[in-house]
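Student: Each chain, letter by letter, is given below.
2 protein chains.
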Amino acid sequence: MTPAPITLRPIGIVESPLTDPAAAPCQGDEGAPECRLVLDQDMAAALYGIGIGDSVVVVTWLHRGDRSLRAVHPRGDPTRAQLGVFATRSPHRPNPIGLHTAQVMAVDGTCLRVSGVEAIDGTPILDLKPVLQPPGQR
Amino acid sequence: MTPAPITLRPIGIVESPLTDPAAAPCQGDEGAPECRLVLDQDMAAALYGIGIGDSVVVVTWLHRGDRSLRAVHPRGDPTRAQLGVFATRSPHRPNPIGLHTAQVMAVDGTCLRVSGVEAIDGTPILDLKPVLQPPGQR
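These protein sequences, in sequence, are chains R and L. If you count the first sequence from 1, you need to add 37 to reach my numbering. If you count the second sequence from 1, you need to add 37 to reach my numbering.
Looking at chain R on its own, in the form it has when it is part of the complex:
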């Protein structure tokens, strides 16, 4: 008994110098460049409280992902045995949702400059969250 399909409305897009998925780092801490998170104007109130230096989780839609794949070679390395996509961070998965931990470098209206996001230019953004603090600091 699977729930009904769900409609997401992206809240903005990633502007990045990365344009080729094959050339992008596999993870944000593997040399991803700074990029801009360009959010819709009507998200201004939802950003209140986010500031320079904050660590955030950027939730993206990896729009170039292949939703039909169920197994992949980890890190696209054909010398490694295939694993189910849920045992990997591959962009190819039934719902290609990307999670990126990033640091906020600048805030300008509804645009954030951040470090450490390996998503390519034009990637839709679904959500932003603070990195979860330890119990007692929430």
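A hint or two may mislead.
Any copy will do: because identical chains look the same in the list, a pair fits if it lies in one copy or spans two.
Claimed, not checked - Keeping only pairs whose Cα atoms sit at most 20 Å apart, straight-line, the calculated SDA-like set for lysine to any residue is:
id	residue 1	residue 2
1	Lys166	Gln64
2	Lys166	Thr56
3	Lys166	His129
4	Lys166	Arg73
Keep in mind the hints are simulated off the structure, nothing from the lab.
We have chain R already, so just place chain L on it with the hints.
Tutor: What follows is chain L alone, placed relative to chain R:
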């Protein structure tokens, strides 16, 4: 220039003794009970490689979230000043995607028993990912 809406097809649901969002813990490490992740049969191949003891990120759709809210009191505490929803982990946000770090306790076909998920019974599951290992262990 906002990207077009996106359609997600949930991969399964959470079966949990938690039924009341108001009574559920705010985070999984605040006393969430064990629960079952009941995935569709056609996700079997995508689970290959996930085993007991693994730490996984469960990505859910917080179906009771209010998508119109842009600001909330953190942790629903009216004595705390409101913040934009992107500066909180509130379930109320434009795209109410939930992130839960959980430990796999048992695997039975396409059902996983996990600890530490604060989602209520019936919550749709969108994705599963391994917790990211440090560079050099990927």
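Student: Each of the hints needs a verdict: does it hold here or not?
Tutor: Tested hints:
1. Lys166 <-> Gln64: both (18 Å within a copy, 13 Å between copies)
2. Lys166 <-> Thr56: Cα proximity of Lys166 and Thr56: none, with 25 Å in one copy and 24 Å across.
3. Lys166 <-> His129: So Lys166 and His129 pass the 20 Å test across copies only (12 Å; inside, 23 Å).
4. Lys166 <-> Arg73: Answer is within; shortest intra-copy Cα gap is 16 Å, inter-copy 25 Å.
In this structure, the one hint that does not hold is number 2.
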